[in-house]
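Going line by line, the protein sequences match chains A and B.
166 is the number that the numbering used here gives to position 166 of the first sequence; each next residue is one higher, with no gaps.
140 is the number that the numbering used here gives to position 140 of the second sequence; each next residue is one higher, with no gaps.
Heads up, a few of these hints could be off.
Partner residues are not named here, just some residues of chain A that face chain B (Cβ under 8 Å, in silico) [said to hold, decoys possible]: (1) 10; (2) 110; (3) 112; (4) 114; (5) 116; (6) 117; (7) 122; (8) 123; (9) 125; (10) 127; (11) 128.
Distance windows between CB atoms, simulated [stated by the list, open to error]: (12) 59(A) to 130(B): 18 to 28 Å; (13) 25(B) to 94(A): 50 to 60 Å; (14) 94(A) to 130(B): 30 to 40 Å; (15) 175(B) to 94(A): 20 to 30 Å; (16) 51(A) to 154(B): 48 to 58 Å; (17) 95(A) to 39(B): 48 to 58 Å.
Note that these hints are calculated values from the structure, not bench results.
Please read these numbers as outputs of a predicted model, since none were measured by experiment.
Using N, Cα and C, we set each Cβ at its ideal position, and we do this for glycine too.
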Amino acid sequence: MIVRELELDLDAFEGPFDLLLTLVLKEEVDLADVDVAGIVVRFVERLAEREKLDLDACGEFLVLVAALLELKARGLFEDEAAELADLEPEEAAEELARRLAEYRRMKEAAGWLAERLAAEGDRFFRLGPAPLAPALERRLAPQDPEALANVVRLLAAEPPAVSLAHMALRFPPVAQFLERFRALLSRRSRFDFDTEIDGLSRAEQAIAFLALLELRRANQISISQAAPFAPIRVSRVEQESAAVNERTHAWNVRSA
Amino acid sequence: MERPLRLVTANPLDQLARTLEALLVVASAPLPVEELTAAADDERERIELALGLLAERYHEGRSGIVLEAVAGGWAFRASREASEACGRLFERPVQRGLSQAALETLAIVAYLGPCTRPEIARIRGVAADSAVAGLVERGLITESGRDDGTGGAVRYRTTPMFERVFGLESLSQLPRLDDLPGDVDDLRERLHAVAEQRSA
Chain A
1 MIVRELELDL DAFEGPFDLL LTLVLKEEVD LADVDVAGIV VRFVERLAER
51 EKLDLDACGE FLVLVAALLE LKARGLFEDE AAELADLEPE EAAEELARRL
101 AEYRRMKEAA GWLAERLAAE GDRFFRLGPA PLAPALERRL APQDPEALAN
151 VVRLLAAEPP AVSLAHMALR FPPVAQFLER FRALLSRRSR FDFDTEIDGL
201 SRAEQAIAFL ALLELRRANQ ISISQAAPFA PIRVSRVEQE SAAVNERTHA
251 WNVRSA
Chain B
1 MERPLRLVTA NPLDQLARTL EALLVVASAP LPVEELTAAA DDERERIELA
51 LGLLAERYHE GRSGIVLEAV AGGWAFRASR EASEACGRLF ERPVQRGLSQ
101 AALETLAIVA YLGPCTRPEI ARIRGVAADS AVAGLVERGL ITESGRDDGT
151 GGAVRYRTTP MFERVFGLES LSQLPRLDDL PGDVDDLRER LHAVAEQRSA
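The whole structure should be built from the sequences, with the hints applied where relevant.
Here it is as structure tokens:
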């Protein structure tokens, strides 16, 4: 059976296999349109018609179809960054031939190794892990015992006593500040929060701020601050708007 | 001061040769001349002369122990005539049952190494993972850095064990690839022959 005379009847091409190859190599037929599987099926059908397996034909066919497939795959992935992507079909065929030759050479090299192995098979030698080389003597830089003593002395120092002060902290109730601020606002329409809490402890300042938030929530005051970290100004909400705010607040409470 | 020539019965290198003999019998891998020179604490030239002396003494057909230059160094091995007896007592796991795939992979690493698994697969046309793993396990190839760039594939090269098993002094003893058949032209011709015939 002669592979190149294999008659094909494909959508894209009708005729002998070798003509298809020629047209593909000349770029007169777009390989993307060629159904390679169809070629394979046709070949297998032809093979099956014969009683004896024609290995030569199979080999030749495999080489040709593999070349076709490689060309086709390359054509389908044109933007592939591989170094082969820019190759013309003829160059690609050349590249394929080069690769096949490279593999064949490596196969020959493997054959040479196999022969060599057989020829050297009667050489017995000792195998084992490499014995340990003597450890190199480690030379230390000259040391100053005084420096070590200083470091040890640091370690030997009594650690600072742990403070339990926070456990004894007493927090004044928020109500105390609520009353204080309300009283203040009944006398004045506005005051400066920072001035009011000046001199209080950190915890007390926090409670005072909570009281402030509480008053704001109840719409009894409005709070303003010119800039971040600027003094907080607290002013009384006027009676009329307070009534509106009261309603809003009640509504808020209901819907909440 | 010039010393008068005199007849010596014993070779002046004998003592050095005995030292080298001792070093070589302890070693489990070939010892390079540099290492022998350092260990014997002598001049390289004299070491080489003494090695020549030993190689003459431990020679095929003259001794059951043979001194050979292999894998970049010197090592003792059993003489070939004792190989049958050795074979009855000792197994050789490294070289036993190397498959065709393993030999092809080994050839690629030996000729093109250091090379990566994808490179091997590219030449052989099939994945090389198990062949590479097998060769690493046998100690015939070993990792040798990584390809450039992030996530670069591991590169492999042959080991001194490879040279020893195949009886090579170094990789340069491998036959040149050009001397092996496997002609590009031949394949190129086969690929194009069909088409050319038609267009002619």
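Hint-by-hint comparison with the structure:
no. : hint                        : result
1   : 10                          : violated, 17 Å
2   : 110                         : holds, 4 Å
3   : 112                         : holds, 6 Å
4   : 114                         : holds, 6 Å
5   : 116                         : holds, 5 Å
6   : 117                         : holds, 6 Å
7   : 122                         : holds, 3 Å
8   : 123                         : holds, 6 Å
9   : 125                         : holds, 4 Å
10  : 127                         : holds, 7 Å
11  : 128                         : holds, 4 Å
12  : 59(A) to 130(B): 18 to 28 Å : holds, 26 Å
13  : 25(B) to 94(A): 50 to 60 Å  : holds, 56 Å
14  : 94(A) to 130(B): 30 to 40 Å : holds, 32 Å
15  : 175(B) to 94(A): 20 to 30 Å : holds, 26 Å
16  : 51(A) to 154(B): 48 to 58 Å : holds, 50 Å
17  : 95(A) to 39(B): 48 to 58 Å  : holds, 52 Å
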